[in-house]
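Take the given structure of chain R and dock chain V to it, following the hints.
Residue numbers (this note's numbering), protein chains in the order written: chain R, 7 to 206; chain V, 219 to 1203.
No wet-lab data here; the hints were simulated from the structure. It cannot be assumed that every hint is accurate.
[Unchecked claim] Dumping the calculated EDC-like pairs for lysine to aspartate or glutamate here, alpha-carbon to alpha-carbon at most 16 Å:
1. V:K671 / R:E143
2. V:K1044 / V:D1010
3. V:K489 / V:E448
4. V:K997 / R:E174
5. V:K870 / V:E846
6. V:K347 / V:D390
7. V:K863 / V:E885
8. V:K940 / V:E951
9. V:K925 / V:E908
10. V:K997 / R:E143
11. V:K915 / V:D1089
12. V:K1196 / R:E174
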Amino acid sequence: MAPIARLLLLALLSTALTISSGSGDGYTINGRVKIPQGLGTKGFALPGKTSNVKVILNGGQIVTYLRPDGYFLFQNIPAGTHLIEVTAIGYFFSPVRVDVSARNPGKVQAALTENRRGLSELVLEPLRDEQYYEIREPFSIMSVVKSPMGLMVGFMLVVVFLMPKLVENMDPEEMRRAQEEMRNQGVPSLASLLPGGGRN
Amino acid sequence: MAIRSFLILFILFFFSSLNPILSLYEDQVGLVDWHQQYLGKVKQAVFHTHKTGRKRVVVSTEENVVASLDLGQGEIFWRHVLGSNDVIDGIDIALGKYVITLSSGGSILRAWNLPDGQMVWESSLRGPKHSKSLFLVRTNLKIEKDNIVIIFSNGRLNAVSCMDGEVLWEKDFEGESLKVQQVIQPPGSNLIYVVGFASSSLFEMYQINALNGELLKHESAAFSGGFLGEVSPVFSETVVALDSTGLILLTISFQNGKISFHQMPISNLVKDSFGPAKIIPSSVTGIFAIKMNAVTIVIRVKDESKLEVVEKTNHETSISDALSISEGQQAFALVQHASHEIHLRVKLAHNWDDNLLKESVKMDQHRGLVHKVYINNYIRTDKSYGFRALIVMEDHSLLLLQQGEIVWSREDGLASIIDVTTSELPVERDGVSVAKVEHNLFEWLKGHMLKLKGTLMLASPQDIAAIQSMRLKNSEKSKMTRDHNGFRKLLIVLTRAGKLFALHTGDGHIVWSHLLQSLQKSKVCQHPIGLNLYKWQVPHHHAMDENPSVLVIGKCGPSSDAPGALSFVDTYTGKELSSLSLVHSVAQVIPLPYTDSTEQCLHLLIDADKHAHLYPKTPEAISIFEREFSNIYWYSVEDDNGIIKGHALRGKCTGEVADEVCFDTRELWSIVFPSESEKIIATVTRKLNEVVHTQAKVIADQEVMYKYISRNLLFVATVALKGSVEIGSVTPEESWLVAYLIDTVTGRILHQVTHHGSQGPVHAVFSENWVVYHYFNLKAHRYEMSVIEIYDQSRADNKDVWKLVLGKHNLTSPISLYSRPDVITKSQSYFFTHSVKAIAVTSTTKGITSKQLLIGTIGDQVLALDKRFLDPRRTVNPTQAEKEEGIIPLTDSLPIIPQSYVTHALRVEGLRGIITVPAKLESTTLVFAHGVDLFFTQLAPSRTYDSLTDDFNYALLLITIVALLAAIFVTWTLSERKELQENWR
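Chain V with its partners taken away, still in its complex shape:
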């Protein structure tokens, strides 16, 4: 009885402490969390340095970001992340105060206020046909104090007022086969030339009055050789193109409406021809460049038709757009790459031989090649022109060069993370000095006295500032060694550029970065794509001296049978240990739960032909693998065909592939969803490294339920074919969603539930014995979240103690997945307010701590929601016993408590994924959310019950102890005196 009441007390205490689930005081921001803002790879940059005041550069990026940066430091003034299908096609600055963006395939034009990023106007442009050619033409045309911007999109030429976005005139280009190549607006005139190719051999030229859209002239001329690729404008009435073989350069001039062609075989210009060429369009007057294989040739056009090679180089070359620096003078920049340096030259367009500027800048080779360059000029104190260059590197980083130095750099590759894993830091050794935190007792006491003052609300504003800086500067958290609680780790991230970064979890600084050789463009691999990141070697116990390493898997090209590429990278140093170009493709990677004697993890790579390849290719690994041969199962999902298949290994590869580590596979089972009615939209399994503390769950009335914990459970969601489109176009009657729980070894469907009137997108998370999924309910027109919990019934009758004593239990009976599992499922659904971008669940070392769901909402915030809110045993009126157990009364929707946003007042713009990693401390889990921004924090789902909090007041403890001691002495003397008096009496 006493124990029971104690238990109740304990639970009540626990309950009361749980109510504010997770909360943060405003002064705790930045103590354990960090937030970094990025942009993505810059596509276009426009400088704004005309006026006095802040100098800016406005950029648009491949992550659909438009941002205004401080040219001095590279900081973000403002930034907008447009929708995922709102790709930015062009940007410009108009009227000196608006940033104009053209996006969504040339159909949306927006203007943003330059100082603060407020949207000023938005207009939508339509056209008669869908076409890829898009142009945003900068003009200086003025109509009654208003600038106009000329836009060609979807087969229509629009002139839009910069003041309010009104379309002033429009002109359609109906020609069926017309492919517009360039829209040229000669400076200082009111004419617009639209040039393009019709059919394959017809060159078309339209001359249009820019003020009213009137067609002035239309000429066309045929060229029998045909055309290839793009054209480059060299003069206002001359363009350069290539014929269809790519061997002859064509200078096409359309002066006065007369089209004339001049042919010039490339072999006449360059002695040794290198095969077909490609034009690199540039806007510089009289100059263009062609590229043949790796050779870049810069060609100058003289007097309409004379071509002259001015430079031929093997180095990677980028040419900037033209920058008009004074009346009639154009400057442009050329950047060339030479091993450890880049050479920047700025020249005048009409004077190739002289350089306005020539600089060499040392460049970290892990930034790769220069991809783009933008220049801007300023006037030096001696009235000469100075130039600054903004360069975009292969690793997507953005750098500003000025006077031969890198003024600032931004690691914008981190905006496009593909995969994340973690690595431990080195163990602190004797030689390594311990942090100098407790250097001086007096300092320490002073710090704590300050803290005490803070808690007693006696601190002055200066004191508060001192406390805050003291807490933030805590040097402990960014140390480069392992800590006792496991808070300090390395986050290893793979970016789309093929670069690997190691970020410190303490403050997010980049420890090292490495551009992977295996993911670089090369002769054998034209379009390398990074795929995944796995832990390759995790040294512990033995092999402690080895450094941990990760395995990076990539492939060449987007097709499924493209050959794979592997890299092994040391996570302490960032060195690439080795890289492999595979002969086979990589369709699936299965990390096996076995390690060899050097703690290398075994990985099985399945190729497109369903062969399995074992890595590492060592005899030891093969012998380990062969021991576990019959225990290896996996599944594959073909979402296009609606088939899920189970596989197992059969034996060594037969046929032409004579490889020790190649194995044949066999198909065990397959589930075919009817393709006319169901479409797979989501599949989720449990995380491989998840730890479950106990299988038993004690419920209110002393009953025990056994969780059905199997690593081989797969959650599959399918929707009716009509419901696989976006919200808003289906009625509740024609859409339904089916959720399945499938055993991936036997292919048995353990549970199936249909949600009528629902549709995707489905986001799901699987953990322990439950799965939570988020979908859209069309009937209520709200989002819903459902939970399915699955319990093992076969052990339910083991509760009887006598059975256990007499040995009549079935605990020792072999568990086989082939025997039909006796399971029951419980499920429940709730409304949820927001759209969801990602769902994750917290994970801890031992799995004891209760779980929280981490929901990435459409507003790019991450909400922590206690799993207890998604408990199928919730009822409207829970009994007393259930309340004691912690069951929350059922409500129709899940609560959104603002204090439980783990991202507090921040946004992780463009949120794509949430990763949780257990710390060594059981109560704590590390959360990393990535998108265009990065956010990291520590979470304690049930509060830090196993350690003192950061703001624990040691001084108060000391004072209490001192006070207690004093009290003891005082009472002792008092009692002494009393005793004496008593004796005297």
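So that you can see chain R by itself, here it is in the shape it has in the complex:
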């Protein structure tokens, strides 16, 4: 119920977000952070509550927070080109370059610095959501085969089934000679190691 009410509220609110010349010595930057529902919620309960979102001006000069409707406000800002960063766990926001000029107050000149896209109004949306964890891949035969153990088994299988084929192709005479040689050298063959291997 609450989100619906919030959405209605958002629809009712005007979207005119401007830089206005405040009373006294500076300007006011007024904007809004919009985190689309559904983004980043697949599978993980991301702690991306709006209460944990910070909006940072000029690398930490002023830090402010979002109101429940997502709006934020920087007051008393001198004219110049400023940088606004949004930090929210689970989302990647591009920093925004905001020009506050003394000549034409009330005009927004904002652009995302990551992709140089201009913003007609100061509504900041995440470029993408951030998945901090690897997703465990479901069990597959390939992963077992690729694991060191799988490779070991594979190698053994190759030895067991392909080597005899290679041996078969050898000249029987030569083979016998080789075997003789081996026996003379006293190299223990696999068969002799096994129980009962000494019979032959």
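Chain V in isolation, oriented as in the chain R frame:
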């Protein structure tokens, strides 16, 4: 050829394994990492226990944190760390559902939703003048169901609606010299009194209608004696102040608009006067306290002018604010400190002689004195009042006392860490029992079968939970002995309160803590400040039986010539071995790479008069030092004047300081940056204990480049004077940034590069032969990171084998820093998305493992970025050979891969520093990030190539072996049978 192809294969294998640089599965959280949340020293606390439901206490702290804590356990419900210059001035709870905070010198007022910490509204308050006096007044005033909060800041009185933060009315106090001392709102009336001093001897009183801000009365009266310091309100129309000598108490009453003074010399109240007094303001009706030296005197005010001493004590005393418990009754708490105990008394304001509550609580003496106390009441089952007290100790810890016991305590001193070092744990001896992990083969097999089920995705949810708890509970990691891989260490941290903690790297628990004597307030040292922490004794090889110890360096007071203080602390037991109050100041500490026979490290302390003092002060240390006398060089940076100087030693101290360990110094060189155009904003050197594995770097076409590795390289960044301000106020044309590489022995500038249209802040890290720095590019309006690598060219022609064979190489020629080094530098710049708070680099025991940069971003996360992304040899289209070498195609910005955040989904709020310590295992480095929160993890920048991972499946290995054996037997019998048949044929 074969070798080459093998190499390619190997590299390809390596490459493929490197692609996801660092990654963590969600179920691996907490296996090697831990995260602790803190608040900082509590400045103000407000209880919220009226309604049924969760009982809370809302606190604001010196780390600019506002947080809501569970009163039952002390856990954090929610917490906000405000910006570093957004200091919280006051907090309150309004309407029973909002937390109101006043911050930034009284100019920002915010309301937070009490249950979840969501910001509800924010309003900014301006005033006609900047003043230090700030007040947030709690009122019960109601205007149409709305509470108002009265705020005095910057010379203006504001009434703000608690519902939406709207300023209902405001009233300026223009008087040039008016210093407002108190804003008093008598309960139950619609009046506000603003009292203050104008010039030095005029007392001013304004009476204002709280509903509309109308000025009702303005009176002033002169007092010839003048005023000193603060005033304490005792009744709604009476305040107490001190005259300018601090010897006479003034009771100022302004009843019915008539101001009257009553003088009372303190000597009349107390027999033996102790010099000038200081008022400790309290909000308790009719009672205030003064402090003279170490003596606290509590005074009761009777009938406007009669003063009466009710208590005089030598013990440190804290008085809480008044708590109204029922109609017209106010209670307050007094906490007194006596060696091992604290005495808590709760009294009614109008009845001093009786105690509502009297309790003694045993207190660890390493918590120091009680600094603040807040009380809250509850109704016991027998309908009497019970009280709980929240106390803030000298070591910044926060404790809740109830019924004579400590219900919970929080070590919030750990939110303000000044310096960190590490210490090894004791070696496991025969007597020490080995962990009971492999107690039972069956249990062991069962565990591994569970794991196997987990990997085969056959495990039920209960099984998964069992696996997870089994992994987290692994008792190995928090053992108190040294391990083979060097993962278990002690992190020794020094906090701003002057307390030393030892944290275990396994699970972050506090092994011991010690409040340092040398950093405590004393007669000789009024404002001690902790500075640094060094390893003093690192026993290995010989002197193995000694315990390792650390050296804590502090000084008395913020000035540069304040005398220093040293402490030596045993890291196994946490005992302070000795402490020294120095006669000289400490401007710079140089840990020398020499140790004496007991493995004590030699340290050189440079004082403000440029004398060098050697520690330890032993003849042996002096003889070692004198041997290396001519090899000791250091530099000093004076950022205010823009001068960097190089120094060396000259000889024993001459003149009045006749000390064996004192040495005179001489200036070798100095670099003066033009003060009108350049300002030093960052200087970075290599870490002293960094290990470099090889000087040679083999590049793609079998060429060798030699890294220029010198411990004496200094990176300096300067900006144009106009660019030294914050982003947003300079244009690209008027700002530039210059990066220098300076040799600190000769003072020679080896490299210099100018970034036009750039400005600070600069964060840099220096390692091996490269430096990486982060700055702001005003033209692109993005952050940039640059890398400079420096290579030694003088060895480049040694590649010829024949030269080596014939001995015509220059490898044996002496290397001197006085000869002009033949170096070349390569550099490259990339865009980087985020602002940066800190940069560090991973370090490993032997320096073989590739490096990662650890970047603390503005979002308080720590990002691991492979150094290969910051390689000046990156090109847009790398050749095949370069690809084989592992050069990544050039992109204009550095990638931010979410999986490579080492802090994963956590934040290290208020991040200040990142420390890396090598483990014994070459592949692994230990990372500790600190700020308001602490975070620790293990990192393997090139994966753990030298050990099996934690989730290595031994059961699968066993099964494979069994299967192989079975296969051998089966094939053997088969072959046997076949042979037999063949023989029969």
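Here is what the structure says about each hint:
no., hint, verdict
1, V:K671 / R:E143, "holds (15 Å)"
2, V:K1044 / V:D1010, "holds (12 Å)"
3, V:K489 / V:E448, "violated (24 Å)"
4, V:K997 / R:E174, "violated (75 Å)"
5, V:K870 / V:E846, "holds (14 Å)"
6, V:K347 / V:D390, "holds (9 Å)"
7, V:K863 / V:E885, "holds (7 Å)"
8, V:K940 / V:E951, "holds (10 Å)"
9, V:K925 / V:E908, "holds (15 Å)"
10, V:K997 / R:E143, "violated (44 Å)"
11, V:K915 / V:D1089, "holds (13 Å)"
12, V:K1196 / R:E174, "holds (14 Å)"
When held up to the earlier numbered hints, the structure conflicts with 3, 4 and 10 and fits the remainder.
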